[in-house]
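If you want the building blocks of each chain, they are given just below.
There are 2 protein chains.
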Amino acid sequence: MDMPKSQRFHKRLRGRVDMTHGAGGKAMANLIHDLFSRAFDNEWLAQGNDFALLDLPPGRPVMTTDSYVVSPLFFPGGDIGKLAVHGTVNDLAMAGAEPLYLSAGFILEEGLPFADLERIVLSMAEAAHEAGVCIVTGDTKVVERGKGDGVFINTAGLGVVPDWVEVAPSGDAARPGDRVLVSGTVGDHGICILGTREGLRFESDVQSDTAPLNGLVAAMTIIEPDLRVLRDPTRGGLATTLNEIAHQSRCGIRIREDAVRVKPAVAAACELLGIDPLYAANEGKLVAICAPEDAEELLHVMRQHPRGRDATIIGEVVEAEHPFVELETTFGGRRLLDWLTGEQLPRIC
Amino acid sequence: MDMPKSQRFHKRLRGRVDMTHGAGGKAMANLIHDLFSRAFDNEWLAQGNDFALLDLPPGRPVMTTDSYVVSPLFFPGGDIGKLAVHGTVNDLAMAGAEPLYLSAGFILEEGLPFADLERIVLSMAEAAHEAGVCIVTGDTKVVERGKGDGVFINTAGLGVVPDWVEVAPSGDAARPGDRVLVSGTVGDHGICILGTREGLRFESDVQSDTAPLNGLVAAMTIIEPDLRVLRDPTRGGLATTLNEIAHQSRCGIRIREDAVRVKPAVAAACELLGIDPLYAANEGKLVAICAPEDAEELLHVMRQHPRGRDATIIGEVVEAEHPFVELETTFGGRRLLDWLTGEQLPRIC
Numbered sequence: 036m037d038m039p040k041s042q043r044f045h046k047r048l049r050g051r052v053d054m055t056h057g058a059g060g061k062a063m064a065n066l067i068h069d070l071f072s073r074a075f076d077n078e079w080l081a082q083g084n085d086f087a088l089l090d091l092p093p094g095r096p097v098m099t100t101d102s103y104v105v106s107p108l109f110f111p112g113g114d115i116g117k118l119a120v121h122g123t124v125n126d127l128a129m130a131g132a133e134p135l136y137l138s139a140g141f142i143l144e145e146g147l148p149f150a151d152l153e154r155i156v157l158s159m160a161e162a163a164h165e166a167g168v169c170i171v172t173g174d175t176k177v178v179e180r181g182k183g184d185g186v187f188i189n190t191a192g193l194g195v196v197p198d199w200v201e202v203a204p205s206g207d208a209a210r211p212g213d214r215v216l217v218s219g220t221v222g223d224h225g226i227c228i229l230g231t232r233e234g235l236r237f238e239s240d241v242q243s244d245t246a247p248l249n250g251l252v253a254a255m256t257i258i259e260p261d262l263r264v265l266r267d268p269t270r271g272g273l274a275t276t277l278n279e280i281a282h283q284s285r286c287g288i289r290i291r292e293d294a295v296r297v298k299p300a301v302a303a304a305c306e307l308l309g310i311d312p313l314y315a316a317n318e319g320k321l322v323a324i325c326a327p328e329d330a331e332e333l334l335h336v337m338r339q340h341p342r343g344r345d346a347t348i349i350g351e352v353v354e355a356e357h358p359f360v361e362l363e364t365t366f367g368g369r370r371l372l373d374w375l376t377g378e379q380l381p382r383i384c
Numbered sequence: 036m037d038m039p040k041s042q043r044f045h046k047r048l049r050g051r052v053d054m055t056h057g058a059g060g061k062a063m064a065n066l067i068h069d070l071f072s073r074a075f076d077n078e079w080l081a082q083g084n085d086f087a088l089l090d091l092p093p094g095r096p097v098m099t100t101d102s103y104v105v106s107p108l109f110f111p112g113g114d115i116g117k118l119a120v121h122g123t124v125n126d127l128a129m130a131g132a133e134p135l136y137l138s139a140g141f142i143l144e145e146g147l148p149f150a151d152l153e154r155i156v157l158s159m160a161e162a163a164h165e166a167g168v169c170i171v172t173g174d175t176k177v178v179e180r181g182k183g184d185g186v187f188i189n190t191a192g193l194g195v196v197p198d199w200v201e202v203a204p205s206g207d208a209a210r211p212g213d214r215v216l217v218s219g220t221v222g223d224h225g226i227c228i229l230g231t232r233e234g235l236r237f238e239s240d241v242q243s244d245t246a247p248l249n250g251l252v253a254a255m256t257i258i259e260p261d262l263r264v265l266r267d268p269t270r271g272g273l274a275t276t277l278n279e280i281a282h283q284s285r286c287g288i289r290i291r292e293d294a295v296r297v298k299p300a301v302a303a304a305c306e307l308l309g310i311d312p313l314y315a316a317n318e319g320k321l322v323a324i325c326a327p328e329d330a331e332e333l334l335h336v337m338r339q340h341p342r343g344r345d346a347t348i349i350g351e352v353v354e355a356e357h358p359f360v361e362l363e364t365t366f367g368g369r370r371l372l373d374w375l376t377g378e379q380l381p382r383i384c
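Chains as they are written, first to last, in my numbering: chain A, 36 to 384; chain B, 36 to 384.
Certain hints may be false.
Pairs involving identical chains hold if they fit within one copy or between any two copies, as the list cannot separate such chains.
Claimed, not checked - Below, simulated EDC-like cross-link-like pairs (lysine to aspartate or glutamate); rule was C-alpha separation at most 20 Å, straight line: (1) 182 to 53; (2) 61 to 133; (3) 182 to 151; (4) 182 to 144; (5) 61 to 144; (6) 61 to 153; (7) 182 to 311; (8) 182 to 373; (9) 61 to 179; (10) 61 to 145; (11) 61 to 311; (12) 61 to 361; (13) 182 to 145; (14) 61 to 207; (15) 61 to 373; (16) 182 to 233.
Worth flagging that the hints you see were computed from the coordinates, not collected in a lab.
Given these sequences and hints, build the entire structure.
Right under this line is the structure:
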C-alpha cells in the first residue's frame, strides 16, 4: 500500500490478457482502473459510469466511428492506438467540426501481452492529448485465442461544427470549376504497413503519415474559403476518394500526375511492390475542394501549417453526365482512374 | 436495370464476405449501399459521408459505447445485432437520457455468409426502430479467416438528458436508507447463451431477455422520483452490478434472496450448470436505487410497464465503512455477495 502509484501500475501489468479481463468482474474492473482510467485520466472516466455526461459548445454536433484492425499493431511512425485516435479525429475534422470527445471499445485476444496493450493505450492517450480530445467512455471485451488478432479498437467521435460555419463541407458539394487540393505526399501509410508486413527494409525510412488534421482544418477555415468538400484519402487512397466524391457530387474530376507528390522512397517501394501510390492509404492527409477564386489563398494557408507544407493544387472539377476521375500523366497522356476494385492492401487501418 | 429493387438486393447478397469488402474500394461501397444504407435507411447514411451532422434537442448530451462479441451470433430471443442496439440504448437510458443516435462499426471475418450478415443487420434495423434511435454513421472492416469470429459489432450511442432532469442518476449517488429495485427476473440472458452454446435443450424455453429499456425509464421518470442510480446488470450479473454501485457510492447494500425473481426454467438450468443466477447476465433489466419515500410509487409505475411487470424491491442501502453487498437467504441466513472473480460466462454479450 506504500508503494508509489507508478510502481503499482507496472506491477499489475505484467503477464497477459486472459478471459477474466472481459467477464465483467473484478479482473476487468482492475484493468479499467489500473490502465484505461489512469492513461486517459479525466473526470468522466473517474466517475466509473457506463456513460459520459458531456458539455457541448454551440454549433451542430457531428458523430463518426471507425474500427481499427491494422496489422501489424506497431509500425514505423505509429501504432494501432495512435491510428484509432487520428482516424476518428480526422473524420470529424473533415466535417469542418472541432473534435471534442472520443469513445474507445477494445476487443482483446486472450494472450495479448499487457506490455503491448499498455504501449498502445499510452500512445492513444498521447495522441488524444495532442489532438485536444478526451476519451470519455469505453468498453473492453476479450475473445479466445485464435478468435481475434491481438487487439481491435473502435473509436467513435463527437465534435461540433461552429455556428459561424454556414455550410459544412460535404462529399456531394463539388461543382464544375472547383479546384482540388491535396495537403501533402500520398501513399506513405499504405506503403509503410505493407513494407513492414512483408519484412522489407527500405533504403530510406518509409514512415506512416498518421497525424491529426484538425489543426490544419482550423487554420484553413480562418480565411473563410468557399470549401465544398473535405475528405481524408485513407483506405483505397487518393484515387478511390476522388471517385467517391465524383460519384456523390455527380461530376468529373481531372487531376495532373505531376502535381501529386510522392516521396522518392515511397515511389521506389511502390515500383518494387507493384503498387500504385494513388491507391495506397494515407492517414494524415486531406483532399480539399474549393471554389476556384479561393484556391490560391487556401493553398498558401495550407503551406504555412506543418501538416500542409507539401500541399498542391492537383486538378479541378468538371461537368460530366457520368462521374469519372481522369489522370493527365506526366507524359501528357490521359487515363481513367477507377475505384480500387481488388484487395490491394488488407487491414491497412 | 429493370429488376425490382428488392430482387437486386437479394441477388447481390449471395455468397460470403471476402477481404475486398473491407478494402475501401468498390466492393465495400457496394456492400454499404446494398445492405447497410438500405436496412438502416435514413438521411445521414444516404449522404454517404464518413460522419453525420446531427440535431440535438435541449439538454445534456450523453455518450456511451460497447463492443459486442457474443457467441453464438444467434440465440433464442435475439442475436448479436439486436444486442448491439439494446445494450447501447440501455447504457444511455441508465443516464436518464433519451437515446437518439447510434454509430455501428462492423468487424467481419472473411467467409461470413452474407445471409447471416443480412439477418443481423435487418435485426439491428428493427431493434433501432423499436427503440426510436437512428443508426447514422458506420464502418466496415474485414479480417482474415481465423483472425475474427464471424462478426463483432461496436455501437456508440448519443442521447440527451432533458433539461427538466435536475440531477442525472449516477453510480456514486446511492445513500443509506435508499431502496433497491430490480425491474424483473434475473439470469435469463446469461443462461440462454450458455445453454445454447452447450447445446442444452431446456424443458421450457429459456430465452434472452434482450430489450430496450428507454421506454421503461421514461415511464419511471414521469412521477419525478428521487432516482439516485440506474444501471443495467449485464456482464457479471446483479451481484457484480450491486458491488460496483456499493464501491462507487461507498456504502453497503443488503438484498433479500426471496425478493429477487428467477424464472423456474432459469433456476433449473442454473442448478444443472452450477451457475448462480445472481452472477448471470441480463440484457433487458435494470437496477434502480431511489429515495425510500418514492420506492412504492416507483414500483407501482414500473409494474404498469410491459418491461417492468415483474419488478420488486429487493433491498436497501446501508451505511458502511467498507463497501459490501449482503444477501439474506430464503432460510434467514446471511452471506456476502462478492464481485464476479473468475470467468463464469465468457463472450456473453
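Verification of the supplied hints:
1. When the C-alpha separation of residue 182 and residue 53 is checked against a cutoff of 20 Å, the pair qualifies both within a copy, at 13 Å, and between copies, at 17 Å.
2. Proximity of residue 61 and residue 133 under a CA criterion of 20 Å is satisfied in neither setting, with 37 Å inside one chain copy and 30 Å between copies.
3. Taking the shortest alpha-carbon separations for residue 182 and residue 151, both the intra-copy value of 18 Å and the inter-copy value of 18 Å come in at or below 20 Å.
4. Taking the shortest alpha-carbon separations for residue 182 and residue 144, both the intra-copy value of 7 Å and the inter-copy value of 10 Å come in at or below 20 Å.
5. In this assembly of identical chains, the alpha carbons of residue 61 and residue 144 lie at most 20 Å apart only when taken from the same copy (19 Å versus 30 Å across copies).
6. Taking the shortest Cα distances, residue 61 and residue 153 sit within 20 Å of each other inside one copy (19 Å), while across copies they are farther apart (36 Å).
7. Taking CA atoms no more than 20 Å apart as the test, residue 182 paired with residue 311 passes in neither setting, with 33 Å inside one copy and 27 Å between copies.
8. In this assembly of identical chains, the alpha carbons of residue 182 and residue 373 never lie at most 20 Å apart, being 35 Å within a copy and 30 Å across copies at closest.
9. In this homomeric assembly, residue 61 and residue 179 come within 20 Å of each other (Cα to Cα) only inside a single copy, at 19 Å, whereas the closest approach across copies is 33 Å.
10. Taking identical chains as interchangeable, the C-alpha atoms of residue 61 and residue 145 lie at most 20 Å apart only when both belong to the same chain, with a minimum of 17 Å there against 34 Å between chains.
11. For the homomeric pair residue 61 and residue 311, the shortest alpha-carbon distance between copies (16 Å) is at most 20 Å, but the shortest distance inside one copy (50 Å) is not.
12. Taking the shortest alpha-carbon separations for residue 61 and residue 361, only the inter-copy value of 17 Å comes in at or below 20 Å, while the best intra-copy value is 58 Å.
13. Taking the closest pair of Cα atoms, residue 182 and residue 145 come within 20 Å of each other both inside a single copy (9 Å) and across two copies (12 Å).
14. In this assembly of identical chains, residue 61 and residue 207 lie within 20 Å of each other by CA distance solely across copies; the values are 18 Å between and 49 Å within a copy.
15. For the homomeric pair residue 61 and residue 373, the shortest alpha-carbon distance between copies (9 Å) is at most 20 Å, but the shortest distance inside one copy (52 Å) is not.
16. In the homo-oligomer, the alpha carbons of residue 182 and residue 233 lie at most 20 Å apart only across protomers (18 Å), although the nearest pairing inside one protomer, at 23 Å, exceeds that limit.
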